[in-house]
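Q: Protein chains in written order, with our numbering: chain A, 1289 to 1509; chain B, 1054 to 1130.
The hints are simulated quantities; they were obtained by calculation from the structure and are not laboratory data. You may find that some hints are simply not true.
What the hints assert, rightly or not - Here are the computed lysine-lysine pairs in the DSSO-like style, where the Cα-Cα straight-line distance is at most 30 Å:
id, chain 1, residue 1, chain 2, residue 2
1, A, LYS1443, B, LYS1114
2, A, LYS1466, A, LYS1346
3, A, LYS1499, B, LYS1114
4, B, LYS1055, A, LYS1499
5, B, LYS1109, A, LYS1487
6, A, LYS1378, B, LYS1109
7, B, LYS1084, A, LYS1378
8, A, LYS1354, A, LYS1378
9, B, LYS1084, B, LYS1109
10, B, LYS1073, A, LYS1509
11, A, LYS1378, B, LYS1124
12, B, LYS1124, A, LYS1443
13, A, LYS1509, A, LYS1443
14, B, LYS1109, A, LYS1509
15, B, LYS1084, A, LYS1450
16, B, LYS1114, A, LYS1346
17, A, LYS1443, A, LYS1359
18, A, LYS1487, A, LYS1378
19, A, LYS1499, A, LYS1487
20, B, LYS1109, A, LYS1499
21, B, LYS1055, A, LYS1509
22, B, LYS1084, A, LYS1312
23, A, LYS1378, B, LYS1129
24, A, LYS1509, A, LYS1499
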Amino acid sequence: MLIEEVISFISVRMADLIFNYMGKTVFFRTFEEEDIDAIYHWKNDDELNKMTVGLNRKICRDDVAKWVRSKMPHNPYEVYWAICANDETKKIIGYAQLTEIHFINSSANFSGIVIGDRAYQDGFAWIETYLFIMEYAFERLGLNRLCGSSILGHKDSNNIGKLLFWTKEGVLRQAVFKNGIYYDLNLGSILKNEYFSHKENGDFELRAILKRLRSIRQNNK
Amino acid sequence: MKTLDEFVVLFAEQFDDTDKSEINASTVFHKLDEWSSLIGLSVIAMVDEEFDVALKGDDVKNAVTVEDLYKNVIAKL
Chain A
1289 MLIEEVISFI SVRMADLIFN YMGKTVFFRT FEEEDIDAIY HWKNDDELNK MTVGLNRKIC
1349 RDDVAKWVRS KMPHNPYEVY WAICANDETK KIIGYAQLTE IHFINSSANF SGIVIGDRAY
1409 QDGFAWIETY LFIMEYAFER LGLNRLCGSS ILGHKDSNNI GKLLFWTKEG VLRQAVFKNG
1469 IYYDLNLGSI LKNEYFSHKE NGDFELRAIL KRLRSIRQNN K
Chain B
1054 MKTLDEFVVL FAEQFDDTDK SEINASTVFH KLDEWSSLIG LSVIAMVDEE FDVALKGDDV
1114 KNAVTVEDLY KNVIAKL
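Using the sequences and the hints given, assemble the complete structure.
A: In structure tokens form, the structure reads like this:
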């Protein structure tokens, strides 16, 4: 089979998989035209973007619309999801992305989660999205390695790594200029065998996660 | 059973940077600057441990004040 055929096969398979994944409190779908206004609002929300890795700059609606539309068609090398409330509203509450999917290295970059709607910053949407992305990467795409980065000092991101058994790989010193200062960047990853080992151990069950979070938070204080 | 005042203290302990005096029973907690998914999950974890109550997303989302959340917890005891 030619590599193009393999990629085409994988692309079709991924397109099948990314639609209508239903979780408990959220579900995931590809971007739609009506998502543009919400995403425009979040991309220009200074508080929301204060400690994210990406640049914090004002973006006009036309540029956001182009960006959203560019992420609608499925792409074998990256996946963008609208995170939607699994309640009567069904509205978009944020978005998540898996990028740099590499089928030879069997790896991908978990490029982040934005829970833009503050009413849904209850922790459930956040943790469920994280678990979904790991499940998607390891169980659906069959990848071997998932990596990511976060600004040192971004409490949510720094704690989620510890909470979900990511291994810290290193620090890029003063790698991100934001809020008038340079921030160090944490690099972390989790491997397929680690993911399945913890899953089989029940470590990704909500009760176990909550217990571990209490412990991590108390150790941090 | 813990009182509302005790719940407010436990709730406030989940925050790192917010002055504890800013948080009382009538605080609209979603509007606190430090409120985030991590703090939300920490509150759920605190309720799980201190009250043995499993909150759901709606319990947190629909509560406006700290007292509302306390009432949701008590209703599940």
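Q: With reference to the structure, classify each hint as holding or not holding.
A: Do the hints match the structure? See the list:
1. A:LYS1443 - B:LYS1114: Holds - the C-alpha atoms of LYS1114 (chain B) and LYS1443 (chain A) are around 21 Å apart, at most 30 Å.
2. A:LYS1466 - A:LYS1346: Measuring from Cα to Cα gives roughly 13 Å; hence the hint holds.
3. A:LYS1499 - B:LYS1114: Roughly 21 Å between the alpha carbons, so the hint for LYS1499 (chain A) and LYS1114 (chain B) holds.
4. B:LYS1055 - A:LYS1499: Distance ~20 Å between LYS1055 (chain B) and LYS1499 (chain A) Cα, so the pair holds.
5. B:LYS1109 - A:LYS1487: The given pair, whose Cα atoms are some 22 Å apart, holds under the 30 Å limit.
6. A:LYS1378 - B:LYS1109: Holds, at about 17 Å.
7. B:LYS1084 - A:LYS1378: holds, 23 Å
8. A:LYS1354 - A:LYS1378: This hinted pair holds, its Cα atoms lying about 24 Å apart.
9. B:LYS1084 - B:LYS1109: holds, 20 Å
10. B:LYS1073 - A:LYS1509: Since the Cα atoms of LYS1073 (chain B) and LYS1509 (chain A) sit roughly 15 Å apart, the hinted pair holds (cutoff 30 Å).
11. A:LYS1378 - B:LYS1124: holds, 26 Å
12. B:LYS1124 - A:LYS1443: It holds: about 29 Å lies between the C-alpha atoms, which stays within 30 Å.
13. A:LYS1509 - A:LYS1443: Holds, at about 13 Å.
14. B:LYS1109 - A:LYS1509: Within the cut-off at roughly 26 Å; holds.
15. B:LYS1084 - A:LYS1450: holds, 27 Å
16. B:LYS1114 - A:LYS1346: At roughly 29 Å apart (the allowed maximum being 30 Å), LYS1346 (chain A) and LYS1114 (chain B) satisfy the hint.
17. A:LYS1443 - A:LYS1359: holds, 28 Å
18. A:LYS1487 - A:LYS1378: The hint holds at about 29 Å.
19. A:LYS1499 - A:LYS1487: holds, 16 Å
20. B:LYS1109 - A:LYS1499: Measuring from Cα to Cα gives roughly 16 Å; hence the hint holds.
21. B:LYS1055 - A:LYS1509: Measuring from Cα to Cα gives roughly 24 Å; hence the hint holds.
22. B:LYS1084 - A:LYS1312: holds, 25 Å
23. A:LYS1378 - B:LYS1129: Within the cut-off at roughly 26 Å; holds.
24. A:LYS1509 - A:LYS1499: It holds: about 16 Å lies between the C-alpha atoms, which stays within 30 Å.
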